[in-house]
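Q: Spelled out from the first residue to the last, the chains are:
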Amino acid sequence: MHKAPSPWFVDFSDVWLAYNHELLVQNQFAVEAIDLKVRQGEFIAIVGPSGCGKSTFMKLATGLKMPSMGKILIDQQPVTGPLKISGMAFQAPSLLPWRTTVDNVLLPLEIVEPYRSNFKAKRKEYEERARRLLQKVGLGGYEDKFPWQLSGGMQQRASICRALIHEPKMLLLDEPFGALDAFTREELWCILRDLWTEQKFNVILVTHDLRESVFLADTVYVMSKSPGRFVVKREIDLPRPRELEITYTQEFGDMVHELRGHIGAVRQTGAPVPQ
Amino acid sequence: MEIWSPWLLLTAVLVLWQVLCSAFAVSEFIFPSPWRIWTQFWEFRDTIAGHAWRTFWVTMVGFGLAIVVGVLLGFVIGSSRLAYAAVYPLMTAFNALPKAAFVPILVVWFGIGVGPAILTAFLISFFPIMVNIATGLATLEPELEDVLRVLGAKRWDVLIKVGLPRSMPYFYGSLKVAITLAFVGTTVSEMTAANEGIGYLLISAGSSMQMGLAFAGLVVVGAMAMVMYELFSIIEKHTTGWAHRGSQNG
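Taken in order, these protein sequences are the chains called A and B.
One point on numbering: in the numbering used here, the residue at position 251 of the first sequence is 251, and numbering is uninterrupted.
So the number in the numbering used here is just where the residue sits in the second sequence, counting from 1, plus 1000.
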């Protein structure tokens, strides 16, 4: 284990979280003993069975929840509250139906500083930026449509744009492609890959899909179930840029298979059910 | 066909009513026929118009009060869990009380006239508005709240940017219920505590056995409520069309 003076962008040292005081007293933790070191610009994926505390981990990483024990540093700073340098997207796109797509993407700029104070004055410029971003993810021509006029995949693209519009240093994705069909999903993998390659923000991707995690991430972590802890760390050393064809290679298949093995083991041993 | 269906139904009912009254020679003092109601209406149109105008503006004032108070209370209740827990049970108990029972009390406080009518209309109609605003605000998607909170959004930002627009369809829905209730409140109050208004007209026509006139008064209240209801429907469609997208896409 490294104990350098934190060259890391994300640095969890021995983080434990119980949801309330009662659970803390009973030693019931949602996640425990999380040690995680992530380089600047690294793309990590977290996989694990459902209900293993992945979403809890996300809340810790964004400062929406404070750890019961341990220390979290992000971008060298201790986390004390919601982290404005991050953007989030979830499985449900949750766009606002009364706003057009471009207005939905602009929403974070109306809230986060420094954009908030000059939003009215610079609206034109920001709108231009939002439109460029939407075009980049293939939503050109749909900017002024309402979300309910878009397909599920398009809504999810808009949702990712909304997470990126304020140029966050860290992007958190909680099963963002879970509800999409296989082809749309692969299309969005490539869009995410291209955005990341271009801007090199940090990504924490929570997913059920092992192929997704191997295709996109630099490092995959396997999480065990209640209590949630990281049990396996797997570096994905596939060369970049990665094309979709890579997912059909032997090497890729082996990695997915190996991870699948870990998940199987976690499911059997990770959750001893008291009788 | 769908647009005309209410009118067709209305005509059918009126014809049936007229036929029954004529066929069985029902006394006009017991149950007037539509024709009788119409002739009475025409004969007393000036009187009715005066009373109707009074009932209308009194209802509108009470209803306006109900919107202001309902929205404010709904906002408070919907935006704070504590307020929700504290206020809601009491409000439900209050809403269960028959508002007509308040009229004698209001008369003691404000005397015969406009005061009791406005307040009865207000008391009866603010509840649905309050409940709907509160529900709209209290049922935000947690993910969406996280997306905004991560950006440092305050509770207030979330309410203004998301909560309020989201509860607008609920709000318009409640206005349609509340306006009809407000007319009920005004009329009921005027029946015992006013010298003017449709409620007063109903009582005085009834006591002088002018059943045609009494029925004409009822028709006028119903018509006013319906017009206001339709008005809010139109406003609703134009301002919160996004909430009715299913019907638009066919």
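Among the clues, some could well be false.
In silico lysine to aspartate or glutamate, DMTMM-like type, Cα no more than 20 Å apart, as pairs [said to hold, decoys possible]:
id, chain 1, residue 1, chain 2, residue 2
1, A, K124, A, E167
2, B, K1161, A, E127
3, A, K59, B, E1145
4, A, K59, B, E1141
5, B, K1161, A, E113
In short, the hints are calculated from the structure, not lab data.
Q: Next, verify each hint and record whether it holds.
A: Okay, the hints, checked on the actual structure:
At roughly 17 Å between alpha-carbon atoms, A/K124 and A/E167 fall within 20 Å of each other, so this suggested pair holds. Using a Cα cut-off of 20 Å, the hinted pair B/K1161 and A/E127 holds, with the two alpha carbons roughly 18 Å apart. Simply put, A/K59 and B/E1145 have alpha-carbon atoms about 12 Å apart, close enough for the 20 Å limit, and the pair holds. This hinted pair checks out: A/K59 and B/E1141 have alpha carbons roughly 16 Å apart, not beyond 20 Å.
Restraint check for B/K1161 and A/E113: the C-alpha separation of about 16 Å stays at or below 20 Å, so the hint holds.
Checked against the numbered hints given earlier, this structure breaks none of them.
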